[in-house]
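Student: Using the sequences and the hints, build the whole thing.
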Amino acid sequence: MKAALTLITALAYVAACLLYLHFFVTRKEAAERWGFGVLWVGFIAHTAGLVINYWNMGRFPVIDLRESLCFFSWSMAGMYLAVRTIRSAAPLGTFVLPVIAGVFIAAALLKKAALPPNDMFATILFPLHILLIFSGYAAFTLAFGSGIMYLLQERGLKSRRPGRVLDRLPSLSELDGLIYLSLGIGFPLLTLGIITGAAWLHNLEGVYIKWNPEINASMVTWLLYAVILHARLLAGWRGRKMAAASVLGFALILFTFLGAGLVSSGFHGFFNYP
Amino acid sequence: MKIVVVGMSHRTAPVELRERLAYAAAEIKETLGRLPALDFIEEAALLSTCNRIEIYAASEKPEHAAQAIKEFLAKDRPVSEDEIERHSYLHVGSEAVKHLYGVSAGLDSMVLGEPQILGQVKDSYRAAVEAEATKVLLNKLFHRAFQAAKRVRTETNVGSYAVSVAATAVELAAKIFGELEECSTLLVGAGNMGELTAQHLIGAGVKNILVANRTFETGSELADRFDGEAVPFSELSAALARADIVIATTGAPQPIITHRMVNDAIKARKHKPIFLIDIAVPRDVEDKVDKLEGAYLYDIDDLQEITEQHRREREREAAVAGVIVAEEVAKFSAWQSTLDVVPTIVNLRSRFEDIARDEIKKALDALPEVGEKEKEAIESLAHNLVNKLLHEPTTMLKRCAENGDGEVAQACRVLFKLPAEAAAQDEAEDSETFDDEVDG
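Protein sequences, first through last, are from chains A and B. Mapping of the first sequence onto numbering that gives the first Met the number 0: residues 0 to 273, in sequence order. Mapping of the second sequence onto numbering that gives the first Met the number 0: residues 0 to 439, in sequence order.
Keep in mind that the hints are not guaranteed to be accurate.
[To be verified] As a list, the in silico SDA-like pairs of lysine to any residue whose alpha-carbon atoms are at most 20 Å apart:
#, chain 1, residue 1, chain 2, residue 2
1, A, Lys157, B, Val164
2, B, Lys290, B, Glu326
3, A, Lys27, A, Ser87
4, B, Lys290, A, Gly155
5, B, Lys134, B, Glu59
6, A, Lys157, B, His270
7, B, Lys149, A, Gly205
8, A, Lys1, A, Tyr53
9, A, Lys157, B, Lys149
10, A, Lys27, B, Ser159
11, B, Lys139, B, Trp334
12, B, Lys266, B, Leu235
13, B, Lys139, B, Arg282
14, A, Lys157, B, Arg282
15, B, Lys290, A, Ala243
It is worth saying that the hints were derived from the structure and are not from the lab.
Tutor: Put into structure tokens, the structure is as follows:
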């Protein structure tokens with residue numbers, strides 16, 4: 000059952016990825032609609048797989064690297080589906096789906112770590128912390144994808160010889176709106192994620208903060224996004240600077256998530272636990 | 000029966016001659032009423048636009064039909080037969096089919112791939128149907144032409160690249176601002192090119208137009224035409240801050256929109272992008288404005304270069320469209336060949352049905368006491384036999400005809416002693432209805 004769900008999810012994500020690519024090249028709306036539908040199928044199968052995992056293991060299935068990646072791709076898929084539903088963000092799918100599919104497949108190929116049950120993860124604060132942080136990351140991934148598209152479109156327009164490829168990208172103003180929307184969704188989620196994380200830590204060890212590489216990097220990330228949004232609201236920062244900043248922010252997240260996770264000890268480390 | 004087209008287009012005839020030949024929409028129906036009355040012409044349709052005048056006809060003798068059409072035009076319009084002879088073209092059979100398909104898809108238009116021509120062809124066809132000038136062959140031809148044009152439109156990009164400077168400017172504006180409804184446009188100067196570009200922008204949804212002209216009165220006249228607002232030339236800087244799109248067309252010898260002005264405008268706009276279209280020569284906008292973040296500056300050379308690229312792109316797409324047209328022409332030819340065999344099939348069927356009817360009668364006469372049920376059974380037996388026996392030969396006759404093999408039909412006529420050709424022609428014509436396939 001579990002294996003079948005994993006296979007369905009992987010196939011659906013790859014198929015959606017190809018459909019979105021086809022849409023991008025041929026501009027056939029039908030391909031995008033199909034891609035969107037297939038992505039839903041993958042997302043539902045993915046969700047079912049996670050629920051079964053939770054059930055079987057009796058804990059929230061986001062502890063080792065494999066589980067974290069799997070959950071990250073789930074968050075991104077969910078976030079894209081949500082944003083696509085409220086905005087015409089179709090070409091964004093072409094940029095984000097390869098990430099979703101790639102991360103999911105990487106997770107599926109990783110070896111399962113045999114972890115003993117641990118009380119540390121039994122509290123509700125843990126899943127809440129994870130869910131919020133990862134949803135925030137997912138929103139920032141969309142900001143990253145939109146940022147890349149913005150930089151491409153802007154460079155083309157500045158060159159005064161925009162090629163035909165750029166036709167397939169949304170307009171600068173739409174992309175700017177998408178970046179702003181994604182950051183606007185991601186930042187509160189990240190903030191709440193950090194707060195729940197602190198509360199969890201307090202329950203566990205009686206302190207609100209502890210300096211490990213992952214927490215440090217998270218703080219830097221949070222600060223960066225805080226500065227970007229602040230500049231947008233007060234100084235009217237927009238366009239290329241916003242786009243570049245959201246790309247930079249995403250690089251920081253990757254560092255936080257993978258880099259720090261690999262060198263960290265304790266609950267944020269993928270390998271050192273327990 | 001063959002399809003013939005006699006026509007004169009922008010490729011072969013000067014505008015002055017086309018003007019004299021042109022038919023007004025109101026005249027077309029009446030003219031079509033007279034055309035099929037000519038010798039050698041069975042069906043007719045007339046296409047008259049500012050770039051072409053063409054008469055399509057179905058005829059057993061295409062050369063004679065073409066001659067009749069030319070004589071008709073010379074009598075009907077103030078042109079001499081000699082002029083028509085020199086400036087017209089004549090296509091017969093599949094060449095004529097190919098011609099109409101190409102025309103419908105915009106491949107023969109002055110602006111390659113333009114879509115209006117399809118509407119004009121549809122109107123012409125509708126007029127011909129209303130005048131009852133078309134029958135089975137031209138009906139099919141036009142329906143198929145619309146399908147071919149639709150395929151070209153959906154399967155190629157021949158119509159999707161902006162091929163005028165103004166249209167290119169609109170396309171670029173859309174790449175920056177997306178929806179143009181909310182965009183303000185500032186016209187600096189009252190030049191023709193600027194007015195044309197502004198018209199295109201309004202066509203794309205722009206509502207708010209500002210005009211800044213050195214002579215305020217001229218500016219205000221232009222602003223009135225666009226339902227816009229004239230601003231004094233001295234307040235250009237302030238106007239820049241309000242404009243998303245700036246079109247500069249003044250005759251000023253020096254740049255009038257400076258780096259500093261645009262920089263200030265961008266700040267006042269809170270870094271919302273600004274699109275500057277400089278179509279003046281010498282240029283109106285300082286070149287280094289381009290260095291400002293959020294400013295997108297295009298001069299006339301840029302726009303012309305992009306437009307030229309688009310034109311080349313359309314030509315490349317036209318080659319793909321040509322392949323589609325060729326495919327569709329082949330389909331039509333195949334269908335037309337089966338048309339030739341329809342009389343044979345009709346004769347064959349009626350011969351069989353006659354036999355069946357006679358035999359049923361004989362059988363029933365010999366069995367006077369049978370009831371209704373038995374009678375029905377005997378009748379349906381005979382009809383089923385006819386249908387089953389004829390199914391295979393009918394299919395084969397059509398297939399052979401499609402492949403251009405007319406001898407099989409001939410053999411069939413000899414074998415079953417069918418009457419000479421043409422006898423069943425009328426029945427064949429009734430089998431095709433007009434309006435089922437016309438879209439739009």
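Student: For each hint, tell me whether it holds in the structure or not.
Tutor: We went through each hint and held it up to the structure:
no.: 1; hint: A:Lys157 / B:Val164; verdict: holds (18 Å)
no.: 2; hint: B:Lys290 / B:Glu326; verdict: violated (51 Å)
no.: 3; hint: A:Lys27 / A:Ser87; verdict: holds (15 Å)
no.: 4; hint: B:Lys290 / A:Gly155; verdict: holds (14 Å)
no.: 5; hint: B:Lys134 / B:Glu59; verdict: holds (14 Å)
no.: 6; hint: A:Lys157 / B:His270; verdict: holds (16 Å)
no.: 7; hint: B:Lys149 / A:Gly205; verdict: violated (72 Å)
no.: 8; hint: A:Lys1 / A:Tyr53; verdict: holds (12 Å)
no.: 9; hint: A:Lys157 / B:Lys149; verdict: violated (36 Å)
no.: 10; hint: A:Lys27 / B:Ser159; verdict: holds (14 Å)
no.: 11; hint: B:Lys139 / B:Trp334; verdict: holds (9 Å)
no.: 12; hint: B:Lys266 / B:Leu235; verdict: holds (15 Å)
no.: 13; hint: B:Lys139 / B:Arg282; verdict: violated (55 Å)
no.: 14; hint: A:Lys157 / B:Arg282; verdict: holds (18 Å)
no.: 15; hint: B:Lys290 / A:Ala243; verdict: holds (18 Å)
Hint check: violations occur at hints 2, 7, 9 and 13; the rest are consistent with the structure.
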